[in-house]
Amino acid sequence: MTRSVSVLAVGVVTTFQDAGRVGQAALGIGRSGACDRASYRLANRLVGNTEHAAVLEVTFGGLHLRADDDVMIATTGARCDGPSPHNAPMYLRRGWELRLGTPASGLRTYVAARGGFGAEPVLGSRSTDTLSGLGPAPILAGDVLEIRDPELPAPGVDLAPVPDPEGGDVTLGLVPGPRLDWFTDESLTTLAGEAYTVTSDSNRVGLRLDGEPLQRTRTDELPSEGMVRGALQIPPSGKPVLFLADHPVTGGYPVIAYVEDDDVDRCGQLRPGQTVRFVRRHGHGSWAPQPGR
Amino acid sequence: MRLLPSGTGALLVELDDLHEVLGLYAALEHAMPDGVLDLVPAARTLLVVTDTGVASLSSVAQAIERLTPREDRLDSAELVEVPVVYDGVDLEDAARLIDCDTEELVRRHTAEEWTVAFCGFMPGFGYLVAEGWQVQVPRRSSPRTKVPSGSVALAGEFSGVYPRESPGGWQLIGRCSLAMFDPSRDPAALLRPGTRVRFIAEQRR
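Protein chains in written order, with our numbering: chain A, 1 to 293; chain B, 1 to 205.
Treat the hints loosely; a few may be bogus.
[Stated by the list, open to error] Per the computed footprint, the stretches of chain B lying under chain A, defined by three or more beta-carbons under 8 Å from a beta-carbon of chain A, are:
hint, region
1, 4 to 13
2, 32 to 39
3, 187 to 197
[To be verified] Selected chain B positions facing chain A (Cβ under 8 Å, derived; list incomplete):
hint, residue
4, A43
5, T45
6, V49
7, M122
8, P123
By construction, these hints were calculated from the structure, which means they are not laboratory data.
Predicted, not measured: the structure shown is a model, and the values here were computed from it.
Every residue gets a Cβ at the ideal spot worked out from N, C-alpha and C, and that includes glycine.
Using the sequences provided together with the hints, build the complete structure.
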């Protein structure tokens, strides 16, 4: 018997997300998947799902669901106003509702259902890639979301003690990027010293940052090259773009540095108006000036 | 070969030219080192994305340095014939840009055997190169907001076919009706790195 929940309201935007499409980048197919992978994995663990089960990624709260059957769910990531527990499994009995208000901090809330949501997979994943359009359509009010049968036993967890996403000023670790030597030494000092503000042009593709522009030492065109999430790409404006889950597979602007992978999850929780500060980390390549820089 | 850092989980291998990129890509595809999740070949580089829980970046770097690029890649790749109606809105501009008339452009475009160098821009968009195609076609000064699906186009040293309607700045020389990308098909992309392509001129219908 198939179980389901009915969608009463979706807020700003709600999509299906899982671990994404791995191994197809050579065909121009990006990974996509949950923007905050740590919160995604936690949501699945709390309800005893397999690692790749699809969850709902809710942007800035506002999701209302009604259970059509008895289901076990968990919410993680941005903690929304409302009576439901967060970072903890709970039962929704048939007819009960989950109503997510707006989050006090953070941007994306993950809703896992025990068994995983059953959207039709596209190229091995149920993630909606907002850049390429691959994957299931964004979720709309009135949709009935199928829930799959569980594959693993239910865990005996009551609550995961994880901190809520930060508001305000956020510090992110940086490691050197492949085109560090395209920039002046002053630019590196600027990047690691000044605060940058997340602008409202930000989305699942990336965060557009506003702040002190970075200066290049060379002006020739870079042949497009492969990138992964966390890349800090510097377009001609000099203002960094930080790639998130739905980033293009290749980019044509030089990458000065990468945000440490664990910190990219925290970037997926940043809202327009928040400021970020970058701190250089060591042990993943040299920050020293290169010959010719 | 230069290995450049690309974050905590990837390495960017910089090579001298496209030929070297394709040779290394073929060698890696043939004997994928443990822990490698994804490969992204491009014009001068090959990005190697690694699951560092399985293998460290330094062990992957050592495996790459030990590889011998494969020269046999072209013989083993399949040949795809792409029928084209050469009636693109930029056909005359493109011909002028490479100092010939439209008939000559079509003759040269169909005479070459093209190879998919790499994919990018959108799923299934292949950047095609050909040995005898040594021209540089500038992009349009202002990109179109809508390029029709199936448009056959030129830019730089490359030829390409738009798999679906999208914005784009390439010079449009024709159209083809083959589905370049279909997520329900296996493989979804008709053109993959290394695939050989011949364009066949079709009469307007």
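Outcome of the hint check:
no., hint, result
1, 4 to 13, "holds (count 8)"
2, 32 to 39, "holds (count 3)"
3, 187 to 197, "holds (count 5)"
4, A43, "holds, 4 Å"
5, T45, "holds, 4 Å"
6, V49, "holds, 6 Å"
7, M122, "holds, 6 Å"
8, P123, "holds, 5 Å"
Of the numbered hints listed earlier, not one is contradicted by the structure.
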